[in-house]
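Student: One-letter residues, chain by chain:
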Amino acid sequence: MAPIIILEDISIEYPERGKVLDGISLSVNKGEKVGIKGANGTGKTTLLHIIDGLLTPDNGKIFLFGKEMKSEEDFREARKKIGFLFQDSDDQLFSPTVEDDIAFGPLNLGWERKRVKEKVEEVIKEFGLENLRKRFSHTLSYGEKKIVAIATVVVMEPEIFLFDEPTTALDEKTERKIKDFILQQKEKTFIIVSHQDNFLKEVCNRLYELKNGKITPIPS
Amino acid sequence: MIDTKLLESRNFLKEMDPRLKIISGFLYSFIVAVEKKFLFLIYLSALPLFLIIFLPDIKNLFKKLIPVNVFLLFLWILIPFTYPGEKTSFFFLKLSEEGIRYCWMITLKANLIVITTTLLLSTSPFLHIIHALHHLKLPEKLVNLFYFFSRYIPVLNRETTRLRISMKARSFIPKTSIHTYKTYGNLVGMIILNSYNRAGKVYTAMKARSFSGTFWTKNHFIWKRKDNITSLIFTLYFVTYFILKWLQ
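Those protein sequences? They're chains C and Z, same order as listed. Numbered according to our numbering, the first sequence spans residues 1 to 220. Numbered according to our numbering, the second sequence spans residues 1 to 248.
Treat the hints as calculated values from the structure; they're not laboratory data. Since the structure is predicted, the reported quantities are computational estimates derived from the model, not experimental observations. Among the clues, some could well be false.
Between beta-carbon pairs, the in silico distance windows are [what the hints assert, rightly or not]: (1) E15(Z) <-> S25(C): 24 to 34 Å; (2) F26(Z) <-> N59(C): 50 to 60 Å; (3) D9(C) <-> K141(Z): 50 to 60 Å; (4) F74(Z) <-> P15(C): 37 to 47 Å; (5) R198(Z) <-> G31(C): 39 to 49 Å; (6) G200(Z) <-> K81(C): 53 to 63 Å; (7) H179(Z) <-> K81(C): 19 to 29 Å; (8) T82(Z) <-> N59(C): 53 to 63 Å.
Glycine included, C-beta positions come from ideal geometry on N, C-alpha and C.
Bound-form chain C, shown alone (with noise of 0.2 Å):
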């Protein structure tokens, strides 16, 4: 089968930042979890955006789903079946209520009530957030908004997941949370960049290691 994201030759340039990615390549097959690691600045963020069409690059062709992206367009498209985790739930985060908060990505895709609905409640379930889905999503804890944001994006059923260190600052309990969802979806595909070098050696099947703007495999 033909994998599922192939990156080709990535580059991008920032004016105060000089060239971040420098002709990156990378191809990942359906079901694949590949982990990205690398230190501060170095472009993990920038290529995450990149892959979801939030960003530009300057050079390079993005296949996802065995099509060329060419447009916002098609972009638009493969973002109903992609879910991004950012890194910073309050960006993700800002409807009143943690339902209403999971139910807005649904509700954009044009489902109907009753299956938003339903789908709402089964991810509540799923995640044990019976007692904050009246909250609002500003009074939770650190760990709380980052259980709800990967709610919200799961709620969608993408087929691939794009993690923005998805546990940095985050205490055992709430990460152990956060591994066992990635490691229980067998069929879907992870695109998970970290500084935390265990935490990927755990969740991931290949690691890459992200450093002066070009991508090498580490091997395991």
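On the provided structure of chain C, position chain Z as indicated by the hints.
Tutor: Chain Z only, in chain C's frame:
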């Protein structure tokens, strides 16, 4: 957010003392606003015309004038038909000549004031202007307000952009629907909340560094010899105006 394009101007405007800029800009705007005679307004347009010489890129200035004049366009549509006074017919409509005169007056005044204040104030870094307000003995609270304004408007802008990107990542496409209105409502609410929280955090962090309501500035302005000459020219210009006013 805060436009710095006009900062790349030639030396004269940039090097003028901000205090001088604020005082002359304020005085100029006041005079133009109360002047009622076209002849005097023509005299008053000499200042912006003189200052424009020192601007390398006039395009940016014109860009700033677009919103002002779009607003004025509405006055041009409304006032000539509604102003009291003698009416002349214009096709099937009745136009007031007084009204048209009035429109010209407003257009000229608004543009003169915007051009001059832009030329004077946008050619200094924003922080210098705030600093100068402090030196001009404006109430401290007002100066602090301006300062935070300049510091946090770009932060809010960035926050909004980030939220919008994350909405896009979850396949949000604005449409004419309740869902879209609700979402935008939530977005605005969240920005207000975020800024409120941030203000609290910043204040705590400032208190932790012993802030007690006064900004102590490190650098002070040096009044240069050039500023003497400039202020002399400005004074002469304004005095001539008042003499002409008195003579008529």
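Student: So which of those numbered hints doesn't the model satisfy?
Tutor: Violated hints (numbers, rising): 1 and 6; every other hint is consistent with the structure.
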